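One line per chain: the protein sequences are A and B, in this order. The opening residue of the first sequence carries number 1 in the UniProt record's numbering; numbering runs sequentially from there. The opening residue of the second sequence carries number 1 in the UniProt record's numbering; numbering runs sequentially from there.
Please keep in mind that the hints were generated in silico from the structure rather than gathered at the bench. This structure is a prediction, so every number in the text was calculated from the model and none was measured. By construction, the Cβ of each residue, glycine as well, lies at the ideal position given by its N, Cα and C atoms. Zero decoy hints are in this set.
Stretch-level coverage of chain B by chain A, calculated; a stretch enters the list once three of its residues show a Cβ under 8 Å from a Cβ in chain A: (1) 207 to 221; (2) 234 to 240; (3) 335 to 346; (4) 369 to 377.
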Amino acid sequence: MRCGSRLLARSGSGTAGVGALVAPARAPALLASRSFGSIGKGGRTHAPQWATAAEPLQGRAAFAAAARRVACAAAAAVAQPPAASGAAAEVEYEAVIGIETHVQLQTRTKAFCGCPNQYGGEPNSHVCPVCMGHPGTLPVLNGEAVKLAVMAGLALNCDVARRSKFDRKQYFYADLPKGYQISQYDQPICSGGHLAVDTPDGPRRFGVTRAHLEEDAGKSVHGGADGLAGSSHTLVDFNRAGVPLLEIVSEPDMRSGRDAALYGAELRRVVRFLGVGDGNMSEGSMRCDVNVSVRPKGQAQFGTKVEVKNMNSFSNMQKAIEFEIERQVALLRAGRGAEVVQETRLWDEGRQETTSMRKKEGLADYRYFPEPDLPDLELSDALMADAKASMAELPAEKRARYLSLGLPLADVLILADELGTAQFFDAAVDAGAPPKAAANWVMGDIMAACKEAKIGMESLEMSPQALAEMISLIDEGVISGKIAKDALPRLLAGDGNGGVRAFVEAQGMVQISDVSAVEAMVDAVLAANPKQLADYCGGKTKLAGFFTGQVMKESQGRVNPGLMQEVLQRRLQAAVDKAASAA
Amino acid sequence: MAPRAARSLVRELQQQVAGRQRSAVEVARDYLDRIRSVEGEVGAFITVDEAHALAQAEAIDARIAAGQDAGPLAGVPIAVKDNICTRGLRTTAGSKVLECYVPPFDATAVERLRAAGAVIVGKTNMDEFGMGSSTENSAYKPTRNPWDLARVPGGSSGGSAAAVAAGQAAAALGSDTGGSIRQPAHFCGVVGLKPSYGRVSRYGLVAYASSLDVVGPLAGSVEDAARLLTAMAGHDARDSSSSQEPSVDFAAALQPLDRLPSRPLAGKRVGVIAQTMGAGVSAGVAAAVQGAIKQLEALGAEVEEVSLPSFDAGLPAYYVLALSEASSNLSRYDGIRYGLRSPEESGLKQLYEATRGAGLGAEVKRRILMGTYALSAGYYDAYYQRAQKVRTLVQRDMTSALQRFDFLVSPAAPTPAYKLGEKSSDPLEMYKGDLMTVNLNLAGLPAVVLPCGLAGPDSPGAPGLPVGLQMVGRMFGEAELLAAAHVFEQTAGALAGAAPAVAAGAAAAPARR
Numbered sequence: 001m002r003c004g005s006r007l008l009a010r011s012g013s014g015t016a017g018v019g020a021l022v023a024p025a026r027a028p029a030l031l032a033s034r035s036f037g038s039i040g041k042g043g044r045t046h047a048p049q050w051a052t053a054a055e056p057l058q059g060r061a062a063f064a065a066a067a068r069r070v071a072c073a074a075a076a077a078v079a080q081p082p083a084a085s086g087a088a089a090e091v092e093y094e095a096v097i098g099i100e101t102h103v104q105l106q107t108r109t110k111a112f113c114g115c116p117n118q119y120g121g122e123p124n125s126h127v128c129p130v131c132m133g134h135p136g137t138l139p140v141l142n143g144e145a146v147k148l149a150v151m152a153g154l155a156l157n158c159d160v161a162r163r164s165k166f167d168r169k170q171y172f173y174a175d176l177p178k179g180y181q182i183s184q185y186d187q188p189i190c191s192g193g194h195l196a197v198d199t200p201d202g203p204r205r206f207g208v209t210r211a212h213l214e215e216d217a218g219k220s221v222h223g224g225a226d227g228l229a230g231s232s233h234t235l236v237d238f239n240r241a242g243v244p245l246l247e248i249v250s251e252p253d254m255r256s257g258r259d260a261a262l263y264g265a266e267l268r269r270v271v272r273f274l275g276v277g278d279g280n281m282s283e284g285s286m287r288c289d290v291n292v293s294v295r296p297k298g299q300a301q302f303g304t305k306v307e308v309k310n311m312n313s314f315s316n317m318q319k320a321i322e323f324e325i326e327r328q329v330a331l332l333r334a335g336r337g338a339e340v341v342q343e344t345r346l347w348d349e350g351r352q353e354t355t356s357m358r359k360k361e362g363l364a365d366y367r368y369f370p371e372p373d374l375p376d377l378e379l380s381d382a383l384m385a386d387a388k389a390s391m392a393e394l395p396a397e398k399r400a401r402y403l404s405l406g407l408p409l410a411d412v413l414i415l416a417d418e419l420g421t422a423q424f425f426d427a428a429v430d431a432g433a434p435p436k437a438a439a440n441w442v443m444g445d446i447m448a449a450c451k452e453a454k455i456g457m458e459s460l461e462m463s464p465q466a467l468a469e470m471i472s473l474i475d476e477g478v479i480s481g482k483i484a485k486d487a488l489p490r491l492l493a494g495d496g497n498g499g500v501r502a503f504v505e506a507q508g509m510v511q512i513s514d515v516s517a518v519e520a521m522v523d524a525v526l527a528a529n530p531k532q533l534a535d536y537c538g539g540k541t542k543l544a545g546f547f548t549g550q551v552m553k554e555s556q557g558r559v560n561p562g563l564m565q566e567v568l569q570r571r572l573q574a575a576v577d578k579a580a581s582a583a
Numbered sequence: 001m002a003p004r005a006a007r008s009l010v011r012e013l014q015q016q017v018a019g020r021q022r023s024a025v026e027v028a029r030d031y032l033d034r035i036r037s038v039e040g041e042v043g044a045f046i047t048v049d050e051a052h053a054l055a056q057a058e059a060i061d062a063r064i065a066a067g068q069d070a071g072p073l074a075g076v077p078i079a080v081k082d083n084i085c086t087r088g089l090r091t092t093a094g095s096k097v098l099e100c101y102v103p104p105f106d107a108t109a110v111e112r113l114r115a116a117g118a119v120i121v122g123k124t125n126m127d128e129f130g131m132g133s134s135t136e137n138s139a140y141k142p143t144r145n146p147w148d149l150a151r152v153p154g155g156s157s158g159g160s161a162a163a164v165a166a167g168q169a170a171a172a173l174g175s176d177t178g179g180s181i182r183q184p185a186h187f188c189g190v191v192g193l194k195p196s197y198g199r200v201s202r203y204g205l206v207a208y209a210s211s212l213d214v215v216g217p218l219a220g221s222v223e224d225a226a227r228l229l230t231a232m233a234g235h236d237a238r239d240s241s242s243s244q245e246p247s248v249d250f251a252a253a254l255q256p257l258d259r260l261p262s263r264p265l266a267g268k269r270v271g272v273i274a275q276t277m278g279a280g281v282s283a284g285v286a287a288a289v290q291g292a293i294k295q296l297e298a299l300g301a302e303v304e305e306v307s308l309p310s311f312d313a314g315l316p317a318y319y320v321l322a323l324s325e326a327s328s329n330l331s332r333y334d335g336i337r338y339g340l341r342s343p344e345e346s347g348l349k350q351l352y353e354a355t356r357g358a359g360l361g362a363e364v365k366r367r368i369l370m371g372t373y374a375l376s377a378g379y380y381d382a383y384y385q386r387a388q389k390v391r392t393l394v395q396r397d398m399t400s401a402l403q404r405f406d407f408l409v410s411p412a413a414p415t416p417a418y419k420l421g422e423k424s425s426d427p428l429e430m431y432k433g434d435l436m437t438v439n440l441n442l443a444g445l446p447a448v449v450l451p452c453g454l455a456g457p458d459s460p461g462a463p464g465l466p467v468g469l470q471m472v473g474r475m476f477g478e479a480e481l482l483a484a485a486h487v488f489e490q491t492a493g494a495l496a497g498a499a500p501a502v503a504a505g506a507a508a509a510p511a512r513r
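Bound conformation, chain A alone (with noise of 0.2 Å):
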């Protein structure tokens, strides 16, 4: 055979300058190694395990697609927001703004092939001939990610299609492998539904136009720069390519950042909630892009729409919409309405503001077309009856169940938040505890702890059943509320799983509430303070504080408050008495 010569002869050496490729990747054939990239000098080299790609320089990327997913701008056309002049400042504008975002499933395997569908890894090391897109291979669905795309549907409110079908959408880029990715195009799995949230300022409603199921793609690093400008070569990891996705669709039922943010928390909740997704923002498997747009209020036509990428918190998406807004508004009001042009932009972080990624030049024609691979996907009876029995209880239903024990909103929206604070509080009441002992506890000293260990609540050691246990004891009066946050730090450690009672019992923390017990230390103290007393006597009331605090030292806070403050206060009366009848 003549392979190999030509094209080995080139590889790398590591040394290429700038636009050059430095990776030795010249892999003319791919052998069934892990290392799928890159084959080095004389194919030998072990495992590089990365693919490179030459890198589009600066300003010649001019191929839409591929900028699709670029993950830094070329030279930024920084904006700052201009300065208002005052001459239009009459007319009022309001924002519009509509949210796609890309959920990853949390699928135990990628959505056409069996490889890993496993954040991290090696590079290149959750890959396969079918998601490396290998001549002759075919997908094959996965039917976990069509269940867990029904499940967000349902969520969504949405119309779950009992037939659509799948399209190939057609760009270039190295991170994509086939030179498609799969998605679907003119009939979704689920359109047409809506997300309802639940706010201090009172209910609102989002608008969902469609949720799809695609594919990712791979991910390409950009080396030599920290962006893709400048950078002189880029690798990919092919380890997301191929991992589902399902990108829900907004309307353009957004005003401000805040409601940006109230649907895209509420979103991930459900998506958390029901174990579709882990909608951790900063890994990537949760995804914001946002499309916003200004015009005079009351106008129905929208304005010049501008996509917002690279936001990675809600509070930055807020943000992000915040200074958007803020610059188109300040661009109409300066008479400079030209230059709010359809672009993506992308938000810095560091800088606290958007910069241009790059301009639409017309349309992207991503030439879709059916899937021949894939049949129409069609849903069973069976499937949609697993997809709703595997429904958990959704973020909005909880906060209506939590309303209905008589719960506080405020408390309901802290106690909503989270899956795992849903959770343990659910299973507090569930152990007998009262929901507003339970609410106080998980949100107060509990919560402080988790934020504390930077854990969320489903970590902690402490079982729920020993928070309600413990609350339990209080009610009561084993021990006091004050011994129980004394005994808090231990309980969260675990130390009282096997039995609360038992481990305040062992600690000596249960309350005395004998009152003989009680008398003898009131007496003790009063005895001991000699001075104190007399000056309480000759009328210092307020001294029964220092006796009070002194008995509490005493006995190491066990003893009963209530009890005490009676025995307390039973003594210095007799005591006033005496020394009156002695005066």
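Using the hints, position chain B against chain A.
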């Protein structure tokens, strides 16, 4: 009735090997010798896999020596078209862009043949990515027709057809997107079977047009084709378009000549597709097909002409759909993950352009361009969408005709094999040659082409050229289709007395005395 029946080389070899008359290694060596002896003239192979072929044969012999069943294709040397992936054996699809591509997996069809005991001897030449009808679009070399070395073997499975005709392999695998098994079978005087879409898994078949592509056998006899189909057919979890239709032993129902009744096709209704019998069909082809029709009648079939109104619309619709899908399927050859990569490194776009510019041939580029155009915004409805409607019409016409008839017949192509270079400068002329075959891909129906006669020499002193008859069956009706084709083959003696000009080994030439 002609006295001579086409032999089942596959059955004979399997029986010899399983019966220990010859070892699989002996058979493999014999065929490797045969390949060598005529390959310089025919050029059927892109890669011959001598070492691995012998290793496979040794494994078969070891199984037999251990008293195990070595399978229904034990020791049978088979050539595989170079667009069907073979683990550890490079698979180029006839393209420079995959010159050094070695698949880490076997296509399902190959895996099943291997499991049945077949020995893969090499990979056969083809038009690049299946795009062509003469094998002249191979990026490597042309293949020559063993019947007349000045002529093309047809395409795109020209290497497979030529290898079978020249006795270089007992049988071969091809792929058929618009006639790529059947037209070369017609040109080379062998049997070519395009199974129903979905009958054989496409997993590992380098995609040209996914909704049309099928893998199928080329062989010296209908029985051989049936034996290969039996080994390959059946659902494959790795191909979502593969059918759940239960597989059967397609060779079991084939009756030997001496057991056939006098009118074995009595009661069978055969429709001759009117649109394929008129102008444009060469006299030699027309005469041979007419002869075949007479033979079918003599065998008891009721033959009638049937008009399919949508027939002529099929060809343009086929090209729109095939090229649209091709433009998408070939996007993956970008130089990033495998295959050819240009040393160009000033940018990603430049890398794409240089890699694809150097790696893909002119015809492939032409087809990608046309397909891209057809799918572009503003043209989609006029081309792709409309072609899909035509496809539905073609399917409907074919299916309704097959309610009235058990089989449809037509020529496989308008002319016998033409000369190298004769049509390569005129793509449109080449496309027109697919008229008679593409509709079956649009409809997904099974069709077999088998020799039905010789077209007389077109110039004094030139040899006669084989002509094939195309028989079309009902969806998943391969068993009935092959049974009827077998009857025709066994009784017609179509190529009796004729032989390819170049063939290795005395017993190699298919279907001849």
